[in-house]
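Visitor: The chain contents come next:
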Amino acid sequence: MHGMRGLSVFISDIRNCQNKEQERLRIDKELGNVRNRFKNEKGLTPYEKKKYVWKMLYIFMLGYDVDFGHMEAVSLISAPKYPEKQVGYIVTSCLLNENHDFLRLAINTVRNDIIGRNETFQCLALTMVGNIGGREFAESLAPDVQKLLLSSSCRPLVRKKAALCLLRLYRKNPDVVNVDGWADRMAQLLDERDLGVLTSSMSLLVALVSNNHEAYWSCLPKCVKILDRLARNQDVPQEYTYYGIPSPWLQVKTMRALQYFPTIEDPYTRRTLFEVLQRILMGTDVVKNVNKNNASHAVLFEALALVMHLDAEKEMMSQCVALLGKFIAVREPNIRYLGLENMTRMLMVTDVQDIIKRHQAQIITSLKDPDVSIRRRALDLLYGMCDVTNAKDIVEELLQYLSSADFTMREELSLKAAILAEKFAPDLSWYVDVILQLIDKAGDFISDDIWFRVVQFVTNNDDLQPYAAAKVKEYIDKPAVHETMVKVSAYILGEYSHLLARRPGCSPKEIFSILHEKLPTVSTTTIPILLSAYAKILMHTQPPDQELQSQIWAIFNKYESCIDAEIQQRAVEYLALCQKGAALTDILAEMPKFPERKSSLIKRAEYSEADTAEQSAIKLRAQQQTSNALVVTDQIPANGATSPVSVGQLSLVKVPSLVTTENDTSTDRALSQQNGASSKVDPQPPSADLLSDILGPLAIEGPPGATVQSEHNAVSGLEGDSDAVDGSAIVVVEEQTNTVQPIGNIDERFRALCLKDSGVLYEDPYIQIGIKAEWRGHHGRLVLFLGNKNTAPLISVQAIILPPAQLKVELSLVPDTIPPRAQVQCPLEVVNLRPSRDVAVLDFSYKFGTNMVNVKLRLPAVLNKFLQPIQVSAEEFFPQWRSLSGPPLKLQEVVRGVRPMPLPEMANLLSSFHIMICPGLDPNPNNLVASTTFYSESTRAMLCLVRIETDPADRTQLRMTLSSGDPTLTFELKEFIKEQLISIPTAPRSPAPSAAPPTAQPSPQIPPNDPAAILAGLLS
Amino acid sequence: MIKAVMVINTQGKPRLAKFFEYLPLEKQQELIRNVFGVLCSRPENVSNFVEAESIFGPDSRLVYKHFATLYVIFVFDSSENELAMLDLIQVLVETLDRCFKNVCELDIVFNYSKIHTILDDIICGGQVLETRSTEIMRAVEEISKLEAAPNAITLIPKSSSGWLSR
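Sequence lines, in order, name chains A and B.
Residue numbers are given in full-length UniProt numbering: position 197 of the first sequence equals residue 197, and the series is strictly consecutive.
Residue numbers are given in full-length UniProt numbering: position 107 of the second sequence equals residue 107, and the series is strictly consecutive.
Just chain A, same shape as in the assembly (with noise of 0.2 Å):
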């Protein structure tokens, strides 16, 4: 820096600016100057270069762009002098990225500035390649690099960089940079003195285990060795010690390459390693001196961690609770903090959660701590510690916290105390009041998906009805309530609010009335529910009360010409209905009890941050123990208002006749969107049907807004025909001019019927093919129901099945007519013999008038169907994990051109097709570990392990192992995760099939009989 002083007046200039605008006038003014001066470099001395290029790196840092002047930079690298040279390296190294091309033109420099003899530009080169250093750089100077580190004649200084030079050569390039028989290598440097480059080969050495524990169990006994030996504070230099701990980086380094291996079997090193843990927790107190504090609470805390791995014995484990249990009480914050945090990681740890459940208080204390972040590491702790013993407690302290919690924590506060309240309810009533408190308090923060779940359980508990109805009254006749509270109680009120009325204040007027007044202040999310809400008040005034009539006629009015159209179709459709008179109890009756189903508030919670230790410690309590309060009823749904695509709704089609009645001049909408198919069905009287859509957004899971779409489609069949052209992957093959084409697009209904089991496999016009599967091992149960939706029968029907060699399939006997808006059923049982992607075929065809209609549809009996999800713990991983060491029971395959997604989508991604994300397995948090037992005749149950690693950098590749007991199993499970992972280019869009010549049938060429190839023109 001595002597730069164009450089100082600069920085002062930029100092001395008024403003921004200020400062960039003079930065644009400074970045113009060292352009020209660059332009002309034959007059520019090295020290000017150095100059600018620093002056470069200032502007940098500053936030302005610096678009040129980087070959310059790297041009500096190969100055022969130091000063220009030490710029070179350390202003590329921040400005460029480890792809830049013109790092490319500086290798052969910096390789010769590594083997060269000159210390200083090795420490140099080596600091860059360690910071920057991408794939060539791996390639041309991995071998030197890996030859300093080993030197004998090198110094430490320089194998220190080495280490980490090499450290990030590996991680970026795992494929490229060889470490085959780096385990002898690395046990002897941990033999080092030097604690410097001891240090540096920890490092390599965590990088190295956390990606293959097994080649290192020799470097294990090393590692307690020096842990020992820092640890006792024996022979450790001086300047190596911080603040009286010998070097804690070192310790926690060690400690932390130690957690990489699953267990220490051998006794000696155990004992040894236990010894010094014990030391370390017993030895550690809360001094004055804040630095000594968070040095020796490093160590201390990375011991803890460690003893939690090893799974010690209970005493040992009661201890490190006893000692958080202080730590979460003392002064210093820095110690509080990580001692809530390593409580939470306790959860997971067998039996110490009564000892936790002892500090509850002191927890509920540090949830009013002056620190957020201690507040949101209590909040995390009440949340995993909350069990059925404690919940009420725990989730009525967390409501209280609301009222006062910072904006940013109150989403998350609310929607853990609303998971917490549904998982361990004591009692339903208790449950309702614990919502109800939420919407009251944080309504705003309260998802729609909170507010449907505690609609579900009203619906479900009969005896809760007139409890939650007489409770969202008192809410609601406060004078403002929130938004959401005004749909949970239109919702709750409109199903349930007779049950009241004996109560005073409780008449329909007076309920009406209540609502009503909030009319004016909601948004058109909420008049629909208020709408539905008055139609069922009406509905249930008996005798009539002409004037609570004349209202509520006069409300449906207004909105019958209402912008929205959810709103106007309503209005409509109610107006229309309470003039049927009888017909209206029938169709607004009590919505029926939901089906049982997993809350999606607690999915959220699994899926959501699932790799982190808290999260896992969770969910495997939730596993053991939840409340018996909730249990849904698990009564059939009587329609499909409740499943968007359940096999309910393959019950026949049919349009309300309001629709279609000549007094209903202004249901454009509806009219409009009529098609060839609604047209041919009669009137019929109106069914439950309708109630999906009237109820529509209490489906519980997806946005309101969509459910309400889809379920719209499914019910009415009348929307079908927008996206029923599209992206349709199959042709229709038939023998007369083609008129009948699929409505929805058949591969991605085959596609969501691999993931889930009944749903929709074809529609059109005149039949609709829904399936039901049920999958026990390797057997398999399918029931095609065949719905005709005409009036007219279907004849000539017929359904081969096209099995592949590996599936065994029975159907039975499928009629050869099918009467009129009649369904039939018919069963199809599945054998699955041994692992195989392929796919059998069902080959159905039938005859409407004279149209002949052929469709060859693939069946949903998938590999993933004979999966079956299994939670393996670390006990049981690692040594099947060891025991199939390679080809052909364990590939490994480097996979390109993956869909790019977060890691928590391919965790997701992977347990729809019942494969078991383990977490906490693998410690790399760019990993996935999961597990799945696969079912087939041949292999029986067998258990196959998966392992994904993935590259932060570059979400396109990922690395995949795979371990089974049956070599073909391990290939076509590798495949087919691979399959569902790259990115599939979309099928082509098929040819409008009008346009294809009738004697272009594509089904001659392909033989009857083989599946292969029929499969190979369906997918081509």
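A portion of the hints provided could be inaccurate.
What the hints assert, rightly or not - So the derived list for chain B, only partly shown, Cβ under 10 Å to chain A, looks like this:
#, residue
1, 19
2, 42
3, 68
4, 83
5, 86
6, 97
Unchecked claim - Below, a list of computed lysine to any residue pairs in the SDA-like style, where the Cα atoms sit at most 25 Å apart:
#, chain 1, residue 1, chain 2, residue 2
7, A, 29, B, 109
8, A, 772, A, 751
9, A, 42, A, 24
10, A, 603, A, 428
11, B, 101, A, 238
12, B, 114, A, 966
Think of the hints as simulated: they come from the structure by calculation, not from any bench.
In this text the structure is predicted, and so the values were computed from the model without any measurement.
Cβ coordinates follow ideal geometry from the N, Cα and C atoms, glycine included.
We have chain A; now place chain B onto it with these hints.
Guide: What follows is chain B alone, placed relative to chain A:
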């Protein structure tokens, strides 16, 4: 590994920013702004930890220390120990303090090339490299000498390059 080291003054101006995983400039600036936004609202006498995942994405942690007009911030992933990172901040600051005899913000502003040299001696590729501030000091002083007499460097044979000896 350590993902980033930042020094920001209490007005929000970056004084040093080094990212060990490449990020485009705008992203770097956005992160600096966001970190400052969180830190400037924190009272005194609270912990040195701040929730970082909302800023840096999953698997990131942040520790910081507040000195007079400066915040020193380390961002890292779960493979590092939080308190050890805090210790490393202390090493960095103590080294600067020795180097500049009672370091202040101005020293850092006008000597940022030296700061880079010091940082490169403490952290390499996001890993702890050296923790003895005396040793780092010695290296930096030697570099200053080399800068002052640039011609000398090529003459120093490997065996006698004085500043390298322990």
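Visitor: Look at each hint and say if it fits the structure.
Guide: Verification of the supplied hints:
1. 19: For residue 19 of chain B, the interface hint holds, since the closest Cβ of chain A sits about 8 Å away, which is under 10 Å.
2. 42: holds, 8 Å
3. 68: violated, 16 Å
4. 83: holds, 3 Å
5. 86: Hint holds; residue 86 of chain B Cβ to chain A Cβ min 5 Å, cut 10 Å.
6. 97: Because about 13 Å separates residue 97 of chain B from the closest Cβ in chain A, which is outside the 10 Å limit, the hint is violated.
7. A/29 <-> B/109: This hinted pair holds, its Cα atoms lying about 20 Å apart.
8. A/772 <-> A/751: holds, 15 Å
9. A/42 <-> A/24: Cα-Cα ~29 Å, so violated.
10. A/603 <-> A/428: Roughly 20 Å between the alpha carbons, so the hint for residue 603 of chain A and residue 428 of chain A holds.
11. B/101 <-> A/238: holds, 23 Å
12. B/114 <-> A/966: violated, 60 Å
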